[in-house]
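A.B. asks: Which chain is which? The protein sequence lines are S and U, in order. Letter by letter, the first sequence follows residues 1 to 221 of the working numbering. Letter by letter, the second sequence follows residues 1001 to 1246 of the working numbering.
Derived from the structure by calculation, the hints contain no laboratory data. Don't take each hint at face value.
Computed far set for chain S versus chain U, every beta-carbon distance over 12 Å [claimed, not checked]: (1) THR18; (2) LEU32; (3) VAL35; (4) THR37; (5) ALA92; (6) LEU110; (7) LEU118; (8) ALA136; (9) PRO164; (10) LEU168; (11) ALA191.
Output of the computed footprint for chain S on chain U, the stretches with three or more beta carbons under 8 Å from beta carbons of chain S [said to hold, decoys possible]: (12) 1060-1067; (13) 1074-1088.
Estimated spans, in silico, between C-beta atoms of each pair [claimed, not checked]: (14) U/GLU1135 to S/GLU20: 26 to 36 Å; (15) S/ARG220 to U/ARG1117: 14 to 24 Å; (16) S/ASP89 to U/GLU1096: 16 to 26 Å; (17) U/GLU1096 to S/VAL35: 36 to 46 Å; (18) S/ASP195 to U/VAL1028: 50 to 60 Å; (19) U/ARG1122 to S/LEU124: 44 to 54 Å; (20) S/ASP89 to U/ARG1122: 38 to 48 Å; (21) U/PRO1119 to S/LEU118: 51 to 61 Å; (22) U/ALA1085 to S/TYR217: 17 to 27 Å; (23) U/ASP1076 to S/GLU20: 41 to 51 Å; (24) U/GLY1174 to S/ARG220: 42 to 52 Å; (25) S/VAL35 to U/GLY1070: 49 to 59 Å; (26) U/ASP1203 to S/PRO169: 50 to 60 Å; (27) U/GLY1070 to S/VAL205: 37 to 47 Å.
It should be emphasised that the depicted structure is a prediction, and the values quoted were computed from it without experimental measurement. Using N, Cα and C, we set each Cβ at its ideal position, and we do this for glycine too.
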Amino acid sequence: MRGALVIFRKDLSIEWRTREGVSSVLVLGLLLLVVLTVAHDAPPEAAPALAPSVLWATFLFTGLLGVQRGFLLERENDCLAGLLVSPIDPAAIYVGKLSANVALLAVMQLFVVPLVGLFLHLDLMPVLPALLIVLALGNFGFAALATLFAAISVRVRAREVMLPLLLLPLLVPLLIGTVSATRSVLAGGLALATDAVTVLVAFDVIFAVAGWLLFAYVVRD
Amino acid sequence: MGDVGIRGAGGAPPPLVAEGLVRAYAGVRVLAGVDLTVEAGETLALLGPNGAGKTTLLRVFALLLRPSAGRLALFDVDARSAPPALRRRLGYLAHESFCYPDLSGAENLTFHARLFRVPAARERVDALLAWAGLETAGRRPIRFYSRGMSQRLALARALLHDPDLLLLDEPFSGLDPAAVETLQERLVALRKAGRAIVLTTHDLDRAAPIATRTAILHRGRIASVLDSRGADDVAAAYRAVVAGGR
């Protein structure tokens, strides 16, 4: 796992230097939030019902952009091949890229969640600990699946189209789980979200293990 | 490009044995049964016209492509298993540099040194940057490097972990005459230290003086293997193979 750490640090170092990934997902996240809240024009009493779908729709589309960019780093100068000729397990490459994606998405969530509260006039502080758990589970599950599929799509010509086409259908269970869990958390706390959280944990475990096992077959010709 | 220490090598099985290697893309056989053995302490120049399969063959040797058929053994280890420890013994220079444009030359080499667990990595990186003539430029992002500087950095990356088998795809590409001479000296020193080197090139004048054998790849097969010869003899043999369609 030392290799994973080296790759994770490299990705953070490049991101820190260029800030291209963070800035693009933050701008897109802000725009999506504005569009979705303005389009709904919801009264304050409808906000708790609306906030979960606004939050996770924003997360989904900005996350796609962030994860895709993370793998485009490896495409330039055929850097992915540089990783594959090194003496590390391909699974370590997956873990390194997954960790970097989780970190990028977490930064995006830190930015987007307060804005959802602001735009929809919701006080999120009382439910923040429970909400953080749901956010973390949603983040990890999305990144686990998206990292695997980004590795597939980065090698094809129509990669910008291919990643959403491959990924979005498989993300439906995660989207249902996160929206349901967030709605329950906003209504009363994590105790109400047990079923949805179970779905999220199962999703995270299944696709993290699948990514770990399949990554070597995905990235090698 | 200056001097960098080379580790000594002991006796061992042949670094590379290929038997009947086939690689097909969408039904087209780019490699149509390559048989080749490379011993420690030799430099094999691999020649061939465009599309002969040189780059594909090197990518198979570098464990980036799986052969469709045939057998490849590296250091007596079946390449199908491709254990990480085996990749530590290979150094591969491709057409692309494998380096991140937003990192400096030094940062790129340090990153690869960490992946390969190179001991005394900082000293090794500094030595290779000096060898490549990139002491100053090595602190700048490589996005601003010229073609030749990128090639020198890529060579430094391939040499970083002092591999036992060097696979060099067009190593002289983009280099100025002084850098070519330094690279030739380096490759000769590595060969004398027991490393095995396979290089592809179209530049007979630069490859002939350092090659101990020359193989001509044509239509996916090794059409001819020559012992150490002058560039004119190699060129004549090359023309005969390509014109004859052997």
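A.B. asks: Does each hint fit the structure? Answer for all of them.
C.D. replies: Status of the hints after comparison with the structure:
no.: 1; hint: THR18; verdict: violated, 5 Å
no.: 2; hint: LEU32; verdict: holds, 27 Å
no.: 3; hint: VAL35; verdict: holds, 31 Å
no.: 4; hint: THR37; verdict: holds, 35 Å
no.: 5; hint: ALA92; verdict: violated, 9 Å
no.: 6; hint: LEU110; verdict: holds, 24 Å
no.: 7; hint: LEU118; verdict: holds, 33 Å
no.: 8; hint: ALA136; verdict: holds, 28 Å
no.: 9; hint: PRO164; verdict: holds, 26 Å
no.: 10; hint: LEU168; verdict: holds, 29 Å
no.: 11; hint: ALA191; verdict: holds, 45 Å
no.: 12; hint: 1060-1067; verdict: holds (count 5)
no.: 13; hint: 1074-1088; verdict: holds (count 5)
no.: 14; hint: U/GLU1135 to S/GLU20: 26 to 36 Å; verdict: holds, 29 Å
no.: 15; hint: S/ARG220 to U/ARG1117: 14 to 24 Å; verdict: holds, 22 Å
no.: 16; hint: S/ASP89 to U/GLU1096: 16 to 26 Å; verdict: holds, 23 Å
no.: 17; hint: U/GLU1096 to S/VAL35: 36 to 46 Å; verdict: holds, 39 Å
no.: 18; hint: S/ASP195 to U/VAL1028: 50 to 60 Å; verdict: holds, 53 Å
no.: 19; hint: U/ARG1122 to S/LEU124: 44 to 54 Å; verdict: holds, 47 Å
no.: 20; hint: S/ASP89 to U/ARG1122: 38 to 48 Å; verdict: violated, 25 Å
no.: 21; hint: U/PRO1119 to S/LEU118: 51 to 61 Å; verdict: holds, 53 Å
no.: 22; hint: U/ALA1085 to S/TYR217: 17 to 27 Å; verdict: holds, 21 Å
no.: 23; hint: U/ASP1076 to S/GLU20: 41 to 51 Å; verdict: holds, 46 Å
no.: 24; hint: U/GLY1174 to S/ARG220: 42 to 52 Å; verdict: violated, 28 Å
no.: 25; hint: S/VAL35 to U/GLY1070: 49 to 59 Å; verdict: holds, 56 Å
no.: 26; hint: U/ASP1203 to S/PRO169: 50 to 60 Å; verdict: holds, 51 Å
no.: 27; hint: U/GLY1070 to S/VAL205: 37 to 47 Å; verdict: holds, 40 Å
When held up to the earlier numbered hints, the structure conflicts with 1, 5, 20 and 24 and fits the remainder.
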